[in-house]
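S.K.: The primary structure of each chain is shown beneath.
Number of protein chains: 4
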Amino acid sequence: MTDRMRGLALLGQGEVGLVERDIPAAGPGEAVVRTTASLICTSDVHAVRGAVPIPDGRLLGHESVGVVHAIGEGVSSVAVGERVAVNAITPDGTCDYCQRGFTSQCGGPLGAYRYTARKDGNLAEYFHVNDADYNLAPIPDGLADEVAVYACDMLSTGLVGAENADIPIGGTVAVFAQGAVGLSATLGARLLGAGLIIAVEGIPERAALAKRFGADLVLDPAATDPAAEIRALTGGGVDSAIEALGAQATWEGCIRATRAGGTISNIGYHGADGPTLSIPLDAFGLGMAGKKITTDLCPGGRERMTRLMRLLANGRVDPTPMTTHRFPLAEAETAFDIMANKKDNIIKPLITY
Amino acid sequence: MTDRMRGLALLGQGEVGLVERDIPAAGPGEAVVRTTASLICTSDVHAVRGAVPIPDGRLLGHESVGVVHAIGEGVSSVAVGERVAVNAITPDGTCDYCQRGFTSQCGGPLGAYRYTARKDGNLAEYFHVNDADYNLAPIPDGLADEVAVYACDMLSTGLVGAENADIPIGGTVAVFAQGAVGLSATLGARLLGAGLIIAVEGIPERAALAKRFGADLVLDPAATDPAAEIRALTGGGVDSAIEALGAQATWEGCIRATRAGGTISNIGYHGADGPTLSIPLDAFGLGMAGKKITTDLCPGGRERMTRLMRLLANGRVDPTPMTTHRFPLAEAETAFDIMANKKDNIIKPLITY
Amino acid sequence: MTDRMRGLALLGQGEVGLVERDIPAAGPGEAVVRTTASLICTSDVHAVRGAVPIPDGRLLGHESVGVVHAIGEGVSSVAVGERVAVNAITPDGTCDYCQRGFTSQCGGPLGAYRYTARKDGNLAEYFHVNDADYNLAPIPDGLADEVAVYACDMLSTGLVGAENADIPIGGTVAVFAQGAVGLSATLGARLLGAGLIIAVEGIPERAALAKRFGADLVLDPAATDPAAEIRALTGGGVDSAIEALGAQATWEGCIRATRAGGTISNIGYHGADGPTLSIPLDAFGLGMAGKKITTDLCPGGRERMTRLMRLLANGRVDPTPMTTHRFPLAEAETAFDIMANKKDNIIKPLITY
Amino acid sequence: MTDRMRGLALLGQGEVGLVERDIPAAGPGEAVVRTTASLICTSDVHAVRGAVPIPDGRLLGHESVGVVHAIGEGVSSVAVGERVAVNAITPDGTCDYCQRGFTSQCGGPLGAYRYTARKDGNLAEYFHVNDADYNLAPIPDGLADEVAVYACDMLSTGLVGAENADIPIGGTVAVFAQGAVGLSATLGARLLGAGLIIAVEGIPERAALAKRFGADLVLDPAATDPAAEIRALTGGGVDSAIEALGAQATWEGCIRATRAGGTISNIGYHGADGPTLSIPLDAFGLGMAGKKITTDLCPGGRERMTRLMRLLANGRVDPTPMTTHRFPLAEAETAFDIMANKKDNIIKPLITY
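Protein chains in written order, with UniProt numbering: chain F, 1 to 353; chain D, 1 to 353; chain A, 1 to 353; chain Z, 1 to 353.
Accuracy of the hints is not assured; some may be wrong.
[To be verified] Derived BS3-like pairs (lysine-lysine); straight-line CA-CA distance at most 27 Å:
1) K211(F) - K211(Z)
2) K119(A) - K211(A)
3) K343(D) - K211(D)
4) K211(D) - K342(A)
5) K342(F) - K211(F)
6) K211(Z) - K342(Z)
No wet-lab data here; the hints were simulated from the structure.
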């Protein structure tokens, strides 16, 4: 039957596997997309490990692009057959949070994080899109699906880390951790005019990629105290620090590495940090050093996706060196295992259909 | 001799007393002011208790106004004999921090906090002013010294708490604690267009003053969980919360009381909080709820002082109900004791000369 | 028949009259409101005089509140029978302009200005609401309809004039013209912490109302050169000037009255100014004096309406002194004539149903 | 005598020539710099043609770097012998305008524009620096003087044109005119994350340089209506337009090329435009299309110079392809003539010492 599809699902705590189910339907204002390319995210690994309470059988994934398969009543911005990208975060554009501009917090904290968290994810042959006119972004001609898919999460998250960091033109920036999110933040800091970018990363392959993506130097946290080193190198601290891991050590490093009046921009997911995150009061000037902390979750929506894909199409950034591995959907379990266990220097595995 | 003066000094840990010493001199670019009115600050109490490492004999005080007594070479903005106010924080306007706009962090963290912390304070008959052209602000005719003196710290601190809080017009604001700083923040939230102001305070006299200053309601933290109550009253949390005490409980209350995408504006001094300040990760959305934290230290400088005094002169705010006590300088020790021990429902003691 | 209604329509260039027609229907995502209170706007007068190309028979009006009469499929935020306010400007929340935050420009320039301009207005017993979940704002209990109706345009427009003006706390503001929009801007400047508000207005009744609404002084443009007087009073010009009329003279006055680095916030409708608006280059520093010009059109949407009504409900502003006249709908032609010809010192006529 | 020097002076309307005079002295807080590299600016040409009222004999020039020759009393940030750059604009950092952050407007409109306009310029073997601690910026080791000199005006002006343009990440930008300022603005738009840059320029050599500096395409205003073409290419207009010439046609082009809600950033000098600048009201949405206009004058100060030179030192931008010509000071008259008459496709002539 053509109306069945396969996808990668949570089978039970820590277990994943391909399952078969019905292709979703498009209700009013909704769409269904036939997937052409996906990336697996560390957040999928977190989900499988129990970070987000999801039922067994829930499909994983939130970084996918494809072709419009069906549209529901009232959808007017795209037609069946168009190539489209959909952000991991899918706001409705209407709730009070969205009207205030906090679209990732649609309806409440983290509310626009729907794939996997609230409904089936899109590591599957087809996926459902709520509020399609708000969320479906046509992929420009000439931009390959496997490039466009970076706009769904990595670029949106990494770049917003830089956008929120109040980087003065020519200013100094530290990016703590150079996984896929941190590497994307490095791309973002470079894209937004930072004059000096110091990355913090211990894995040599990632450090090399950080330099390729625009870092001026990379500090190994195993070999030095990065915050102290950064303060020494910059005469007091960077203008902006980006937390791209989600750990007490990198968070604290950001606060310590930033000068008075500087900004700490958090895009790390602190689900593994226990109930609290700790601020060192000496480095925080006892609450009076003028430091600012911002936090965000991958902003979505068609308009932003259009701008992110323009950056890709016009050669402003090239995140594809992060695609270290490729697998067809049939091998998604293997891909997930390599990702979950950080084998083989993996950064991002691309799933093809 | 006319070139001796009296002032209130730290005599040793926890001890204060009036001392006599030479009237300071005005070097190039500097000025000396003959004091006419001062307010004692809780920060003076903190200093005496050892929060800031200062030598015995150091004069206390940083909230004073007066008349220009002497100006050094090159000072051009005021003349001897003019009534002037000087902010508690006295930037040089020239260092990199100042050029970036972080004037309170002049030369480094908290660097423009000079009175008491780096030189004699101004709870004294005369006081010294660095970078006089940057810092001396003429007091408008018709504005009494004992009103203008509120611009030196309370208004500047309280109002910046509100200015940094990103209050949308008609938005909702919580102000945690209603001491002099919190009451000033309540004035500020009202002044900047908040549509609903919820104060948190347990002392009845302060709660009453909070309402007089513009709070729509006041929650007693002994009788309720303020953050939970605020979330219930606002359908998810306030747009902005102001931390005006400097304690883990109020800090955490601010984070819990704020909705996703909201701003926590810290103006509390967290010197008594131990080495760290703790963020509850559930209320922080694991670092992804779009919450922002800002911190600041009483912004100074003539231009700001001019605006603050305009607010006073034109009847926009009246902080004088906070002046619960008055003493001549000769009784400053008594005033300090009452302030230090929070006797007699004191809020601010005015010292006259 | 109960499904017919009356409303005030354009009958031909310069002519208006009550007409009867079908009550509109609510399609998917739409609503119909039974009107309880309306205000007539000078923009209605402009429309009748041909400023906006509209067909004969088009209903006028865009400032109305009422009770939900019907909701279309998919509308979930309100129920039939609820009291609601709808802004004059009704964005869809979904187009690229809306996603970027320029909701008044929905789909293109001035695109969310639909009533009268693109469909029937709401000076009628019933009116249609597009994108109802985005635009319908419940009126708080205790807030009268005839007060809430000020949120539909006057407050939203006047306040955004102040919001866009970059008023520093305690700063100086000039508001050029004190018709209903200018008076609302004066309310806004006061609400947002201006330390000195100078209104420019020649009609004594409006000047008096300007003072009541918060202006510190009012200059008569027939008796003085307001810009020169403002520069003299402020030592070089105001921080912010608000253009609330839409005329070359007030526009130029704003540019001349503003100091270097200041902001000119335009909320005037310049439809009668001919094809161009002229900037005096001397006052503009030949394009290098750091002056900024902002323009806006009455921001709409439920979330903003909720904040504006909170200001009304909590006593922050009281625009009702602007309601100089009241008429039942049956006398709407008379009301319109008085408004069109500025008879009897009219400011805003309220229409009741 | 060693205390005499040569420099290029205005000799009378339209006439320039090398003159000899005393090396300036450094008063308190001041410095004197021995020049090592200068660039001639179109503003020098304007000055000679009478745009700024200056006396005969006044030295020209405001783009120079060199070595500290003498420092006055109280100067502490640099020592004699250090290589330094000084911005064309030299604020005092202390006046009300500076304290508010409008440092180019020091003391009043365009007030920090001192070289040539208010005192001798620095197309001379030595030059004077007011407020030396505020304005002297050490040149990093490894950065050549002839590169650093671009920070004095071209980069600061061009980049602020982009900084003020509110470019959303990946957004669309038009830069009208590709002289040295416009080319620098193109560098700035690229540096700040624009996703599409459309330059407008008719001279082939400049168009080629625009592409080299980051423009995606260049429109020839002689061959097309650039604003109409830009609107067509972008589906309604760019997010941001930069006016880099100072002419009614380019100004109007910016307003017409920008979409509703967009920003026009003016860095052109409109001294030749007659008494007024004209805004087309249709493209301005009758004052309601949400368009914003910003204006600025080359921001100065050590801190900004440090960031600009960091961009140069770390290879973020390379403006040196604009150095089309080189002359020793002895040939400055020839250099000026070529610049004034735009001969030989000149963009920037470098003067060496």
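S.K.: So, for every hint listed, does it hold in this structure?
M.R.: Right, here's what the structure says about each hint:
1. For the proposed pair K211(F) and K211(Z), the alpha carbon gap of about 26 Å is at most 27 Å, so the pair holds.
2. Distance hint between K119(A) and K211(A) is unfulfilled; the C-alpha atoms sit about 38 Å from each other, more than 27 Å.
3. Taking the CA atoms of K343(D) and K211(D), the gap is about 22 Å. The hint holds against a cut of 27 Å.
4. About 42 Å separates the Cα atoms of K211(D) and K342(A), which puts this hinted pair outside 27 Å; it is violated.
5. Restraint check: the Cα-Cα separation between K342(F) and K211(F) comes to about 21 Å, which is no more than 27 Å; the hinted pair holds.
6. Only pairs whose Cα atoms come within 27 Å are accepted, and K211(Z) paired with K342(Z) is accepted, the gap being roughly 21 Å.
In this structure, the earlier hints numbered 2 and 4 are contradicted, and the remaining ones agree with it.
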